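Undergrad: Chain by chain, the residues:
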Amino acid sequence: MARITASVYSSHVPAIGAALDLGKTHEDYWQPLFKGYEFVKQWEQAQKPDVVFLVYNDHATAFSLDFIPTFAIGTAADFTPADEGWGPRPVPQVLGHPELAAHIAQSVIQQDFDLTIVNKMDVDHGLTVPLSLMFGQPQAWPCRVIPFAVNVVQYPVPSGRRCLNLGKAIRKAIETFDQDLNVQIWGTGGMSHQLQGPRAGLINKEFDNAFLDRLIADPEGLADMPHINYVREAGSEGIELVMWLIARGAMGDLAGRAAPTLKHRFYHVPASNTAVGHLILEESK
Amino acid sequence: MALDKPYLDVPGTTIFDADQSRKGYWLNQFCMSLMKAENRTRFKADERAYLDAWAMTEDQKQAVLARDLNRCISLGGNIYFLAKIGATDGKSFQQMAGSMTGMSEEDYRNMMIKGGRSVEGNRYIGEKK
Numbered sequence: 001m002a003r004i005t006a007s008v009y010s011s012h013v014p015a016i017g018a019a020l021d022l023g024k025t026h027e028d029y030w031q032p033l034f035k036g037y038e039f040v041k042q043w044e045q046a047q048k049p050d051v052v053f054l055v056y057n058d059h060a061t062a063f064s065l066d067f068i069p070t071f072a073i074g075t076a077a078d079f080t081p082a083d084e085g086w087g088p089r090p091v092p093q094v095l096g097h098p099e100l101a102a103h104i105a106q107s108v109i110q111q112d113f114d115l116t117i118v119n120k121m122d123v124d125h126g127l128t129v130p131l132s133l134m135f136g137q138p139q140a141w142p143c144r145v146i147p148f149a150v151n152v153v154q155y156p157v158p159s160g161r162r163c164l165n166l167g168k169a170i171r172k173a174i175e176t177f178d179q180d181l182n183v184q185i186w187g188t189g190g191m192s193h194q195l196q197g198p199r200a201g202l203i204n205k206e207f208d209n210a211f212l213d214r215l216i217a218d219p220e221g222l223a224d225m226p227h228i229n230y231v232r233e234a235g236s237e238g239i240e241l242v243m244w245l246i247a248r249g250a251m252g253d254l255a256g257r258a259a260p261t262l263k264h265r266f267y268h269v270p271a272s273n274t275a276v277g278h279l280i281l282e283e284s285k
Numbered sequence: 001m002a003l004d005k006p007y008l009d010v011p012g013t014t015i016f017d018a019d020q021s022r023k024g025y026w027l028n029q030f031c032m033s034l035m036k037a038e039n040r041t042r043f044k045a046d047e048r049a050y051l052d053a054w055a056m057t058e059d060q061k062q063a064v065l066a067r068d069l070n071r072c073i074s075l076g077g078n079i080y081f082l083a084k085i086g087a088t089d090g091k092s093f094q095q096m097a098g099s100m101t102g103m104s105e106e107d108y109r110n111m112m113i114k115g116g117r118s119v120e121g122n123r124y125i126g127e128k129k
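Residue numbers (the numbering used here), protein chains in the order written: chain A, 1 to 285; chain B, 1 to 129.
Footprint (simulated), chain A over chain B, 3 or more residues, beta carbon under 8 angstroms:
| # | stretch |
| --- | --- |
| 1 | 6-20 |
| 2 | 30-42 |
| 3 | 80-87 |
| 4 | 97-103 |
| 5 | 106-116 |
Negatives, chain A to chain B, calculated, CB over 10 angstroms:
| # | residue |
| --- | --- |
| 6 | Arg3 |
| 7 | Phe34 |
| 8 | Leu115 |
| 9 | Trp141 |
| 10 | Asp178 |
| 11 | Lys263 |
Keep in mind that the hints were calculated from the coordinates and are not lab data. Bear in mind the structure is a predicted one, so any value in this text is a computation, not a measurement. Every residue, glycine too, gets a C-beta built ideally from N, C-alpha and C.
Given the sequences, and given the hints that come with them, work out the whole structure.
TA: Structure below.
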């Protein structure tokens with residue numbers, strides 16, 4: 001059977017992708033950030049996941065205002081890195097897992113989450129920057145990826161509670177897939193940042209670190225935090241953090257198993273306009 | 001009955017909700033068109049003519065021509081869409097975000113390096129700093 005072995009969390013700032021692609025990782029500005037991701041690259045090489053279920057948001061790339069799905073699962077065989085206006089990132093094609101993705105879509109919809117099924121979409125920095133941070137710069141990505149896009153661009157975005165519960169449903173779906181697969185679930189976006197208006201540049205270290213503490217130890221309590229708290233405390237784009245609750249909801253402790261093991265925790269300010277957070281939670285054996 | 005919008009009292013912040021999205025539909029769809037290299041070329045060649053092909057309001061067109069991102073946002077623009085204009089102009093996200101704060105590019109960059117804008121005094125409109 002397929003099993004979830006870990007959840008990984010990270011910000012997905014586009015400037016991080018640009019720094020990697022343009023060979024700037026050793027510059028003084030970027031060095032502390034990339035140091036924080038050295039551990040995960042070693043760890044992923046040992047973990048060898050077969051599939052990453054990657055929760056992220058599209059930034060007006062695949063989805064314009066023509067249609068705005070709240071939750072969209074990518075069921076295609078492959079996904080092309082998008083041209084977001086600066087030209088596409090020079091990263092490998094993203095290979096999907098159509099069988100597992102279709103299985104998850106069927107199971108999760110039957111658990112009352114109305115997913116949008118997407119058979120064709122380009123993937124933007126929200127998806128490719130985390131892949132680069134965890135896997136480096138290989139010729140081909142080392143595993144299959146199921147893109148799971150969440151609307152956090154147009155309000156109202158899904159609540160924290162709904163995201164956590166969706167994660168639980170995704171776990172059930174993955175555990176009933178009949179192939180022996182090592183699956184990780186990643187939650188990306190955040191942390192505190194605001195990209196618009198006179199309040200742009202907002203960063204809130206206290207909020208971010210409290211969020212990390214509660215994501216690890218009190219996800220059920222954290223899920224009740226209303227949107228306005230994210231906006232007021234973590235900036236209008238800090239709302240992306242609700243996506244981390246989807247990945248957290250898929251961990252075994254919320255299904256009666258032992259608490260996950262914290263393998264790594266990292267926090268850094270700034271990457272461009274944004275606070276960067278990163279966690280690895282490993283499923284207890 | 002009016003919908004609950006608890007985010008209207010956050011200073012310097014416009015939440016892109018369904019009402020803003022409706023107002024900004026054509027503005028944002030114009031921005032989306034700049035995802036294609038050929039459209040970026042056409043836009044740069046004659047901005048006014050390119051904008052006139054879209055069902056945008058005159059205010060929206062003027063805001064785009066002036067690159068006044070705060071005005072674009074008040075007229076229904078969303079930053080992820082407006083970023084396509086910045087990309088067309090060769091601007092980074094940091095340059096775009098900074099341009100909305102009234103700070104110089106250097107001052108904004110330095111503020112971020114020093115840990116960003118504090119939330120203290122920036123939670124509620126009219127709050128004492």
